Structure formats: C-alpha cells, structure tokens
Amino acid sequence: MSMEEVKCYMPETLEQALEIKSKVNAIILAGGSDLMVSNKRTIGLTPVFDRPVMIVRNLSELKKIYINDKGECCIGAGCTSSEIAASKLCPWHLRQAANRMGAIGLRNSATIGGNIANASPKGDTPGPLYLLDARVKLQSLHGSREVPVSDFIVKFKTIDLHDDEIITQVIVPYSEKDFDYVFWHKVGTRKANAISKITVSMALKFNKDDTVRDFRLSATATGSKTNRSRDVEKIIMGKKISNALIEEVVQAYDKVISPRAMPEFRREATRRMIRRFLSESERHAKGKVIETYDGYKMPGAIEPEN
Amino acid sequence: MISENLTRDISRAMRRVDAVDKSEGRSKYISDYDFKDCLWARMVRSSIPRGKIKNIKLPQLPQGYYWVSYKDIPEGGHNYLHMIATDWKCFADDRVLYVGETIGLIVGPDKTKVEDLRDLIEIEYEEEEPAVSIDDGVACKGGAFINENNIHCHLKLEVGEDVESVFKRCDRVVGETIETGFQEHVYLETNGACCVPESNGNYTIYASAQCPFYIRKSIAPVLNIDPEKITVKQTTTGGAFGGKEHFPDVLCGPLLLAAYKTGKAVKMIFDREEDIENSVKRHPSKVVFRTGLDKDGNILAMDSKVYYNVGAYLASSYVVLQRGCFHVSGCYEFPNFRTEGFGVATNTFPSCAFRGFGAPQTLFAIETHMCHLAQMYGIDPLEYKSRYFIKQGDTTSTNGKIVEKVMIPEMLEQVLKASDYRRKAKEYKAGSGKGIGISFYNHGGAFTGNGESAIIKAKCRLHKYPDGTVEILNGQTEMGQGFHSILPKIAAHVLEIPVEKVIYKDPDTSRVPDSGPTAASRSTMIVGKLVEDAARQMKMRWDKEEEFEVETNYQHPEGFPWDQGTFQGYAYLGYGWGVCAVEVEVDPCTGEVTTKGVWSSHDGGHLIDEMIVHGQVNGGVLQGLGWASTEVMQNVGGHFKQTSMSDYMVPTSRDFPKQECFFVDNPYEWGPFGAKGLGELVFNGSAAAYIDAVSRAIGKRISSIPCPTEQVMLYMLDGKNIGEEL
Numbered sequence: 269m270s271m272e273e274v275k276c277y278m279p280e281t282l283e284q285a286l287e288i289k290s291k292v293n294a295i296i297l298a299g300g301s302d303l304m305v306s307n308k309r310t311i312g313l314t315p316v317f318d319r320p321v322m323i324v325r326n327l328s329e330l331k332k333i334y335i336n337d338k339g340e341c342c343i344g345a346g347c348t349s350s351e352i353a354a355s356k357l358c359p360w361h362l363r364q365a366a367n368r369m370g371a372i373g374l375r376n377s378a379t380i381g382g383n384i385a386n387a388s389p390k391g392d393t394p395g396p397l398y399l400l401d402a403r404v405k406l407q408s409l410h411g412s413r414e415v416p417v418s419d420f421i422v423k424f425k426t427i428d429l430h431d432d433e434i435i436t437q438v439i440v441p442y443s444e445k446d447f448d449y450v451f452w453h454k455v456g457t458r459k460a461n462a463i464s465k466i467t468v469s470m471a472l473k474f475n476k477d478d479t480v481r482d483f484r485l486s487a488t489a490t491g492s493k494t495n496r497s498r499d500v501e502k503i504i505m506g507k508k509i510s511n512a513l514i515e516e517v518v519q520a521y522d523k524v525i526s527p528r529a530m531p532e533f534r535r536e537a538t539r540r541m542i543r544r545f546l547s548e549s550e551r552h553a554k555g556k557v558i559e560t561y562d563g564y565k566m567p568g569a570i571e572p573e574n
Numbered sequence: 092m093i094s095e096n097l098t099r100d101i102s103r104a105m106r107r108v109d110a111v112d113k114s115e116g117r118s119k120y121i122s123d124y125d126f127k128d129c130l131w132a133r134m135v136r137s138s139i140p141r142g143k144i145k146n147i148k149l150p151q152l153p154q155g156y157y158w159v160s161y162k163d164i165p166e167g168g169h170n171y172l173h174m175i176a177t178d179w180k181c182f183a184d185d186r187v188l189y190v191g192e193t194i195g196l197i198v199g200p201d202k203t204k205v206e207d208l209r210d211l212i213e214i215e216y217e218e219e220e221p222a223v224s225i226d227d228g229v230a231c232k233g234g235a236f237i238n239e240n241n242i243h244c245h246l247k248l249e250v251g252e253d254v255e256s257v258f259k260r261c262d263r264v265v266g267e268t269i270e271t272g273f274q275e276h277v278y279l280e281t282n283g284a285c286c287v288p289e290s291n292g293n294y295t296i297y298a299s300a301q302c303p304f305y306i307r308k309s310i311a312p313v314l315n316i317d318p319e320k321i322t323v324k325q326t327t328t329g330g331a332f333g334g335k336e337h338f339p340d341v342l343c344g345p346l347l348l349a350a351y352k353t354g355k356a357v358k359m360i361f362d363r364e365e366d367i368e369n370s371v372k373r374h375p376s377k378v379v380f381r382t383g384l385d386k387d388g389n390i391l392a393m394d395s396k397v398y399y400n401v402g403a404y405l406a407s408s409y410v411v412l413q414r415g416c417f418h419v420s421g422c423y424e425f426p427n428f429r430t431e432g433f434g435v436a437t438n439t440f441p442s443c444a445f446r447g448f449g450a451p452q453t454l455f456a457i458e459t460h461m462c463h464l465a466q467m468y469g470i471d472p473l474e475y476k477s478r479y480f481i482k483q484g485d486t487t488s489t490n491g492k493i494v495e496k497v498m499i500p501e502m503l504e505q506v507l508k509a510s511d512y513r514r515k516a517k518e519y520k521a522g523s524g525k526g527i528g529i530s531f532y533n534h535g536g537a538f539t540g541n542g543e544s545a546i547i548k549a550k551c552r553l554h555k556y557p558d559g560t561v562e563i564l565n566g567q568t569e570m571g572q573g574f575h576s577i578l579p580k581i582a583a584h585v586l587e588i589p590v591e592k593v594i595y596k597d598p599d600t601s602r603v604p605d606s607g608p609t610a611a612s613r614s615t616m617i618v619g620k621l622v623e624d625a626a627r628q629m630k631m632r633w634d635k636e637e638e639f640e641v642e643t644n645y646q647h648p649e650g651f652p653w654d655q656g657t658f659q660g661y662a663y664l665g666y667g668w669g670v671c672a673v674e675v676e677v678d679p680c681t682g683e684v685t686t687k688g689v690w691s692s693h694d695g696g697h698l699i700d701e702m703i704v705h706g707q708v709n710g711g712v713l714q715g716l717g718w719a720s721t722e723v724m725q726n727v728g729g730h731f732k733q734t735s736m737s738d739y740m741v742p743t744s745r746d747f748p749k750q751e752c753f754f755v756d757n758p759y760e761w762g763p764f765g766a767k768g769l770g771e772l773v774f775n776g777s778a779a780a781y782i783d784a785v786s787r788a789i790g791k792r793i794s795s796i797p798c799p800t801e802q803v804m805l806y807m808l809d810g811k812n813i814g815e816e817l
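Residue numbers (the working numbering), protein chains in the order written: chain D, 269 to 574; chain V, 92 to 817.
These aren't lab readings, by the way, just hints derived from the structure by calculation.
Source: prediction; values computed, not measured.
All C-beta atoms in this analysis are idealised placements derived from N, C-alpha and C, irrespective of residue type, glycine included.
Hints are supplied without guarantee of correctness; some may be wrong.
Derived lysine-lysine pairs resembling DSSO-like cross-links, with alpha carbons at most 27 Å apart [claimed, not checked]:
#1 V:K508 / V:K520
#2 D:K565 / V:K143
#3 D:K445 / D:K523
#4 V:K525 / D:K554
#5 V:K687 / D:K556
#6 D:K565 / V:K687
#7 V:K482 / V:K492
#8 D:K308 / D:K338
#9 V:K515 / D:K565
#10 D:K308 / V:K119
#11 D:K493 / V:K732
#12 V:K749 / D:K308
#13 D:K390 / V:K732
#14 V:K204 / D:K308
#15 D:K556 / V:K525
#16 V:K324 / V:K548
#17 V:K496 / D:K308
#18 V:K482 / D:K275
#19 D:K554 / V:K204
#20 D:K425 / V:K630
#21 V:K148 / D:K565
#22 D:K275 / V:K202
#23 D:K565 / V:K517
#24 D:K308 / V:K732
#25 D:K565 / V:K492
#26 D:K423 / V:K204
#27 D:K554 / D:K502
#28 D:K493 / D:K425
#29 D:K405 / D:K445
Covered by chain V, per the in silico footprint, the following chain D stretches (three or more residues, Cβ under 8 Å) [to be verified]:
#30 308–314
#31 395–402
#32 525–533
#33 539–551
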C-alpha cells in the first residue's frame with residue numbers, strides 16, 4: 269500500500285505498447301471495468317495499483333473485427349462487448365454472451381481481451397470461446413504466438429501471459445453456421461445487469477444419416493474455470509441420439525463440473541439444459557436456436573446469422 | 092414553472108417541485124457541500140461478531156490527525172444513542188456485539204492519509220461464539236447477552252376465547268412456519284453527514300436523513316448538552332426507505348464527538364460497500380402458526396408466534412415488533428386469535444426501520460399460511476381468504492374496531508378483471524409452469540394508537556409574507572417520495588394561490604417546529620392535515636393581515652381509546668388497503684421465473700397526487716417483489732455475505748417489466764382532502780402474491796423468502812406438494 273502516484277503509460281500505437289511492455293511489467297488496462305473496481309479505495313480517492321499501468325484502450329490495432337482468409341473471425345482484444353454484440357461478423361454464441369454481460373455502461377467499456385485476462389470462472393465470454401475452439405494471439409516485441417483460450421486460462425484468476433506480451437486478438441474458427449442447432453443460456457442473478465449463476469453453451473451438427481457429426485458443450489460458473497470436456501462430447505459423436513445416450517452424456521458431464529456454491533442447483537440446471545438441447549435436436553425442432561422451454565423468448569436476444 | 096390548476100381535483104398530477112433541480116443535477120447532496128477547514132472521517136469498526144477488545148494498536152498519528160473513541164466523551168456525557176431505546180452505543184467500549192460496530196473514527200485533513208492510517212490500525216480481540224440467526228438467538232448460542240434469554244422485547248395479544256381450549260374442539264390443528272430474510276434499503280445516495288462546530292459553542296449537523304429532530308435528540312446526550320444547542324439541517328436526500336430514520340444517528344453521534352474534540356467541521360460519507368455492509372436492514376422474521384380447523388376447513392382459532400431478528404441492540408425494534416404483531420391477522424377477522432411477539436437478540440447489525448416497519452413480514456406470513464390452508468382443502472386461495480375479510484365495525488387483533496369502510500371487494504373486482512385471475516387460476520394447473528397468485532394487505536397509518544398525541548405532539552406552522560408568499564414550516568423531509576410537492580399543493584389548494592407562492596425548504600431544526608418523523612406513512616395524513624387546517628385558518632385572516640403565522644397542533648379524534656401498556660383498543664384509525672395479483676412462468680430447465688403481469692389496487696383515501704402515488708406504487712410493489720425473489724442477503728458467522736451492488740440483487744425493469752395499478756376513492760375523515768397513508772402499504776403485499784404464483788407454477792409449497800432461482804429449483808426437486816397436509 270502506497271501513497272505514491274501511479275506511473276501510467278498511454279501508448280499511441282501497438283508498437284509503442286510492446287516497446288514499453290518489453291521494459292516495464294505494466295498492468296494492461298483496457299476498459300478498466302475489472303481493474304478499476306478491484307483496486308478502488310473509498311469514495312473520492314484514486315485506485316491504487318502495485319505496478320505501473322499501461323492504458324491500451326485507444327490502440328486502433330486492437331479494435332478491428334474481420335474474417336480472415338481461413339474464414340475465422342478475428343476480434344481485436346480491445347473490442348468492447350457492445351461492439352461484439354453489434355457485429356454480425358462475430359459468432360452468435362459470443363454475441364449473446366457479450367450482449368448479456370453486465371449493464372450497458374459496462375458493455376461499452378469492458379473488452380474481450382480483458383474478460384479473458386480476468387480469468388473469472390463467471391466470465392461471460394470464455395464459455396462461447398471454449399465452445400468454438402477460440403485462440404488468443406499474444407504479441408511481444410520478439411514475435412507472436414497463438415494459444416487456445418482454454419489453455420491460456422490456466423485456472424482461477426491465472427493466465428499464461430508472459431511479462432512482455434499483450435493479448436492482441438481473439439480468433440474464433442467456428443460460428444453458428446457450422447451447426448444445425450445452437451444453445452446459449454445464462455441464468456443470471458437477475459434478468460439484466462447480472463453476473464452468471466450458470467451459463468451453458470452448446471452446438472450440434474448432424475450427419476446426413478442423423479448421426480451426430482459434432483457436439484460441443486461448455487459451462488461457466490461450474491468450477492474454478494469454464495468447463496468443456498471433449499471426452500464427454502465423444503460419447504455421442506457418430507451415434508444417433510437416444511434417451512440412453514443423452515443420459516450418458518448428462519451423467520458424464522456431471523462428473524466434469526465441480527460447482528462449489530449452490531451445487532445442487534448448478535448441477536440440476538446443467539443436466540436439464542443438456543437434456544433439453546439434445547432431445548430437441550433429436551426431434552429436429554424447428555429453427556436453429558433451442559430455448560429452455562417452448563414459448564420462451566429471451567428479451568433482447570440476438571438472432572443467429574444463417 | 093410549475094403549473095397547477097387550483098380549480099380541478101387535487102388528485103390530478105402536478106409537476107413535482109424538485110423534478111427539474113434533481114434531473115439537472117442542481118440539488119446539493121451532502122457530498123456536494125464544502126465546509127471551511129473540514130476534516131474527513133472514516134469509521135473503524137469491529138471485524139468480529141462478538142468478543143472483547145483486548146488492544147487497539149494505532150499508528151503514529153501525524154499533526155492534525157486524530158483518533159476519536161468513547162474515551163473522548165466528556166465528563167457527564169453518555170456513550171449511547173437515543174433511538175427510542177438507549178442501548179445502542181455511540182462507540183464500542185471494551186466489547187463488541189456485532190460486525191461493523193463503531194469502535195472509533197480516524198479523522199484528518201487529507202482523505203488519502205486518513206485512509207492509509209486506517210489501514211494500519213490493528214485491533215486485537217478475544218472472540219466469543221456469536222448467535223447469528225433467530226434460532227441461534229433463541230437457543231442462547233454462546234450464552235445469552237441480553238436479559239437471561241436473549242429476548243430484547245416481548246408482547247402478547249388475544250382476541251376471543253383462549254385458543255388452546257378451542258384447539259381441543261377442532262377437527263385438526265395444523266402448524267406451519269413462514270420465514271423472511273434481511274433486506275437492504277439500497278437508497279441511491281449512501282449515508283453521509285457533517286458536524287460543524289459554531290463559534291457560540293453550538294453545533295450544526297448537515298445530514299442525508301429522514302428525521303432531523305431525531306438526530307438532535309439522539310446525539311445530544313453524548314456531550315450531555317441541550318438538544319437545542321444542536322441544529323440539524325437536512326441536505327437533499329437521495330432515498331431512505333426507513334434506512335435513514337434512526338441510522339444517521341450512528342454517523343452523527345461520533346461526528347459530534349469528533350467536532351467537539353478537534354474544534355473543526357468533520358465530515359463522513361460511506362461508500363456503497365461500506366454502506367451495505369455496515370447499515371441497518373429489514374428484520375428477518377419467523378412466524379410460527381398453529382391453526383385449528385373444523386372438518387370443512389373453517390378456521391376456529393389461530394395462534395401465531397412472531398420472532399424478529401433484532402440484532403445486538405434494541406433501538407427502535409420493539410415498536411417494529413409491535414407493528415408486526417398488530418398486522419399478523421392481515422385483512423381478516425378470525426373468531427379466536429392469539430399472537431405473541433419476540434424480539435430476538437443476535438450478534439448481527441441491529442435491524443431497524445424499513446418501509447412497512449414490521450408489517451410486511453407478518454402480512455407475508457398470514458397470506459402464505461392462508462394459501463396453504465386453502466390448498467389443503469382444495470379450495471382456491473381467493474375464495475378461502477374472502478370468507479374472512481374484515482369489514483367496517485369488525486374487531487381487530489387489539490380488540491379495537493375497524494373505523495372506516497373497507498373497500499376490498501371493490502378493489503378485488505378491479506384486480507380480478509384486469510388480471511383475468513379467475514380463468515387463469517382454473518386453467519393453470521399446479522406444476523404446469525404457469526401460475527397466478529393473489530394477496531390482500533393493509534397498513535395502519537401513522538403512529539400506533541394515541542402515539543401521535545401522546546408521544547409525537549406534531550406541530551406545524553404557516554408563515555404569510557407581505558408579498559403574498561407562504562412558507563410551510565415543519566420537520567417533514569423530502570427523500571424522493573414527493574412530500575415537498577404534496578404539502579405545498581395542499582396549502583395552495585386551500586389558500587387558492589399558485590403553488591409557486593408556497594415555499595417549503597428542507598428542514599432546519601432551528602427554524603421549524605417539530606412535526607414528528609417522516610416515517611410511519613404519517614406525513615400526508617397527519618402533517619398534511621395540520622397544513623390543511625393551518626391554511627384554512629390563514630385564509631380567514633388573509634386579507635386583513637400582511638404578515639402573520641398560524642400554528643396547528645395535532646388533536647387525536649375523541650372516542651377511540653388505546654392503552655399502550657396492554658396494546659388494547661384502536662391501534663389505527665385509518666388503514667391503507669391493498670390487493671395485488673402476480674402472474675408468472677417458471678423455466679422448467681432452470682427454475683428462472685418470468686413475471687408476466689403485476690396488477691394492484693390500493694386505497695389511500697382520496698389521493699393528493701396521482702403521479703406521485705403511481706411512483707410510490709411502482710416502487711413499493713417492485714421493492715416487495717425484490718424482497719421475495721432476487722434480494723438475497725445472507726449473514727454467515729455474523730458477516731453479511733452480499734456487500735456490493737453486484738452481489739446484492741435489486742430487480743431491474745426486465746425482472747418485473749409491467750405493472751398495472753388501480754385505486755379506489757375512499758375519503759378518510761381525518762386526512763387532508765380525505766387522504767391517508769400509502770407509502771408503506773404499497774410494499775406490503777406483492778411478495779405474497781408473487782410467491783403464491785411461483786408456488787402454483789411449480790406445484791410446490793413455498794414458505795420462505797427470498798426465493799431466488801436456485802431456491803425455486805430446490806423446491807422443484809424436493810419441495811412439498813401444494814395441498815399436502817401441513
């Protein structure tokens with residue numbers, strides 16, 4: 269705890285930012301919606317940081333959203349939740365998550381890079397990013413590397429970021445177009461401006477013969493980090509969906525998650541959502557989006573791109 | 092300009108007097124005030140729920156920085172705050188009884204330095220086992236610390252025959268326990284105050300507060316001075332809901348001592364987390380019913396034991412408990428009825444006033460119990476409840492009579508029609524995922540019995556200036572509810588002058604008479620009437636005199652006896668009445684509740700301003716729905732678990748999107764233009780209607796609130812079915 273002023277850098281280009289980062293282990297502040305809160309003192313006082321701060325919110329290099337030549341969606345790490353929710357280039361699951369993150373003011377400042385770096389098990393964007401095999405691009409003066417988001421987030425509040433690196437981009441190879449059915453449901457602490465009690469993201473594609481070609485499932489707020497298990501997904505791959513198979517998936521996934529608070533609720537809601545999604549897919553429900561029950565309409569929901 | 096057509100019905104909406112200043116950001120809140128050489132104070136509090144303070148290790152304090160504690164209280168001064176009772180300590184001395192108990196203030200000119208010093212203070216405790224819940228308190232966990240049984244206060248009421256002997260004649264006697272949780276006020280503006288020492292040895296307090304006269308009376312004993320030597324000036328207050336009725340005393344007492352010690356102005360503002368963690372809450376409650384029934388399900392006798400979690404200090408809680416017990420029979424007349432109330436001591440932050448003041452807990456309990464009784468006999472709750480509706484002339488739980496006409500049938504008709512209750516109640520089968528619920532409630536206006544004349548003795552003054560403007564002088568505060576528009580409107584209508592000609596400033600205790608607290612749904616019906624009467628007297632002298640004052644004193648109507656010793660007689664002359672229906676859909680996957688409609692009708696007498704009343708209804712109903720659903724406030728081991736706006740969940744407009752509200756015109760004989768109290772009434776019933784609806788949708792009995800999503804799921808998995816034997 270110190271009364272000294274906080275040393276603060278405001279680079280104008282990514283190049284400058286990487287330069288600074290190579291010399292100073294500065295805390296990177298983009299939207300500030302996590303850092304300004306976690307470091308605040310009482311009213312009328314400025315927040316305290318134990319390291320210098322580098323503000324990257326104005327770097328235009330981090331603000332772009334485009335589709336690369338492999339058809340992957342590339343999202344600048346400095347893009348805000350509002351920008352992602354509004355962009356038709358972004359995958360549906362991610363847009364939904366961005367659109368239901370916190371309040372409008374927060375969505376206008378919180379960035380996807382920051383949401384990943386915060387590595388909260390209740391974070392909104394990791395669920396869809398795990399589901400869609402997203403990678404983060406990490407840059408330093410010496411080059412860049414790409415790491416799957418699910419590896420980059422090591423555990424609760426811990427990420428695989430070197431001292432001289434900056435998260436510059438999030439690359440999402442899949443979108444709802446790659447699936448026949450999609451599901452995204454956040455049970456928040458309330459209907460808006462809410463933190464996740466549990467969020468489940470799912471996607472499924474059939475082969476022509478009705479066997480499952482691809483099934484994915486991720487859940488947030490069900491353990492120390494977002495949960496996805498390829499072993500569980502494999503149970504159903506290449507097979508026709510049956511009630512017995514659904515139960516097998518449900519039971520197997522139940523072993524993957526480890527919610528500490530409200531475990532009965534989180535487990536039961538997860539089980540019910542998986543059952544609902546798979547059985548609705550099995551009966552070839554109309555429309556691409558499966559909701560938690562017939563007639564349910566999430567206020568402000570985003571329509572998927574076809 | 093505020094335009095008000097004086098020839099039309101007073102109920103028609105007028106633009107609020109404070110609307111423009113507040114929306115343009117011109118109103119000055121306590122944070123906006125700068126005082127000369129003002130010091131900044133931060134509270135140092137107990138971090139344990141119960142124990143002895145062994146040692147306080149202070150850092151070296153630089154010149155101009157102070158530590159203020161009970162040791163600074165001068166000879167003759169008292170270490171308590173007078174909040175009805177006098178047990179709440181201004182500062183903890185050698186022991187602490189709850190997390191957050193004030194131990195001292197660290198005071199100095201620089202905010203950062205004060206904060207740094209505060210972080211360095213180390214307090215060593217000898218911890219003792221705390222009692223946290225009502226059950227802990229009753230079981231005297233850790234040993235009783237109040238009386239021999241941890242019961243702060245107790246009362247008993249009986250109507251009709253002895254219930255135990257009636258129970259012997261009953262076909263069966265069923266029991267049920269209904270519980271409610273803590274609720275945080277979440278006023279927009281957190282608590283804050285400043286104490287300024289004056290050159291003549293007096294003190295001026297500036298505070299965000301509901302009751303300036305309460306503060307003066309409460310803190311004067313700390314310095315053992317005449318309350319008149321303290322002037323309290325209310326600053327624009329951004330919401331209160333009861334949370335600033337007595338609680339500002341907890342800031343102002345220590346600030347007074349700090350100003351006395353330092354000789355300088357001392358200011359303190361709570362930040363949001365600090366305010367949520369360290370302020371009073373609504374009393375958690377537990378109501379245990381035993382109801383005797385005949386073979387057709389008719390109620391022959393009812394017994395209720397009402398337990399409120401009072402916390403470590405009694406303060407105003409006995410009065411809260413009384414109101415709870417007076418409302419436990421709801422809108423019903425039962426032939427034989429007994430209630431016993433217990434204010435239970437625990438090592439939690441003392442509970443205090445919150446919109447409804449004890450009535451919402453017991454009203455939720457009786458409504459929910461009545462539903463469950465009805466369902467046990469396969470009867471629609473509406474039909475069952477309507478058999479017992481209380482009417483004019485019927486006997487209340489204090490053996491008084493209902494004086495006024497009760498318009499529940501008319502109000503019910505409005506709500507039934509708008510909500511289509513009858514069809515939906517039949518169509519939505521138990522457990523179908525859809526449900527509609529209904530509740531009935533009331534709220535006794537103003538202080539209980541003869542409290543207004545025996546205790547408060549409200550006074551109000553009107554001053555006419557030569558230019559034809561009139562000033563209203565009394566202690567009632569504007570805290571967002573609209574009262575500083577209501578009174579000028581009443582005066583203007585009587586005097587037939589434009590509202591702009593009526594001045595009504597935030598009270599300053601040195602220049603206005605004490606008209607009692609802004610609480611208890613009394614401001615409009617009691618003080619409004621005093622203003623109406625004063626204005627009528629003023630009107631008669633208007634043309635003859637240029638400048639003069641009229642003062643009116645409260646007079647209790649004759650013929651409605653009340654005995655405060657035995658709680659017998661006419662508890663309230665005018666009740667507000669309410670009917671509320673709520674329709675929901677429950678997500679079978681997740682237990683999430685979607686509210687499809689909220690319909691209410693209220694009787695507030697003849698309304699003074701429809702727009703302000705709409706604001707009260709929308710806010711109060713929503714606040715009640717929040718209490719029932721998302722507003723979880725747990726206390727674990729003496730610590731509140733929810734401490735910020737991101738984990739204490741007040742509902743948003745998406746949670747309860749739509750409300751339709753109705754009124755009946757039922758002029759109240761002793762109110763201004765026929766108006767009576769309504770501010771708390773509108774809170775009292777929505778929780779029960781909501782829980783009734785959710786319970787029917789999932790087909791399970793719900794007996795405890797709050798009932799957030801995860802709790803709905805647990806009921807869906809393991810709950811008792813609707814209709815099962817209690």
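Status of the hints after comparison with the structure:
| no. | hint | verdict |
| --- | --- | --- |
| 1 | V:K508 / V:K520 | holds, 20 Å |
| 2 | D:K565 / V:K143 | violated, 56 Å |
| 3 | D:K445 / D:K523 | violated, 30 Å |
| 4 | V:K525 / D:K554 | holds, 23 Å |
| 5 | V:K687 / D:K556 | holds, 26 Å |
| 6 | D:K565 / V:K687 | holds, 12 Å |
| 7 | V:K482 / V:K492 | holds, 9 Å |
| 8 | D:K308 / D:K338 | violated, 43 Å |
| 9 | V:K515 / D:K565 | holds, 21 Å |
| 10 | D:K308 / V:K119 | holds, 25 Å |
| 11 | D:K493 / V:K732 | holds, 22 Å |
| 12 | V:K749 / D:K308 | violated, 37 Å |
| 13 | D:K390 / V:K732 | holds, 18 Å |
| 14 | V:K204 / D:K308 | holds, 15 Å |
| 15 | D:K556 / V:K525 | holds, 26 Å |
| 16 | V:K324 / V:K548 | holds, 21 Å |
| 17 | V:K496 / D:K308 | violated, 56 Å |
| 18 | V:K482 / D:K275 | violated, 72 Å |
| 19 | D:K554 / V:K204 | violated, 64 Å |
| 20 | D:K425 / V:K630 | violated, 71 Å |
| 21 | V:K148 / D:K565 | violated, 58 Å |
| 22 | D:K275 / V:K202 | holds, 20 Å |
| 23 | D:K565 / V:K517 | holds, 25 Å |
| 24 | D:K308 / V:K732 | holds, 19 Å |
| 25 | D:K565 / V:K492 | violated, 50 Å |
| 26 | D:K423 / V:K204 | violated, 37 Å |
| 27 | D:K554 / D:K502 | holds, 25 Å |
| 28 | D:K493 / D:K425 | holds, 9 Å |
| 29 | D:K405 / D:K445 | holds, 23 Å |
| 30 | 308–314 | holds (count 5) |
| 31 | 395–402 | violated (count 0) |
| 32 | 525–533 | holds (count 3) |
| 33 | 539–551 | holds (count 3) |
Hint compliance for this structure: hints 2, 3, 8, 12, 17, 18, 19, 20, 21, 25, 26 and 31 are not met, and every other hint is.
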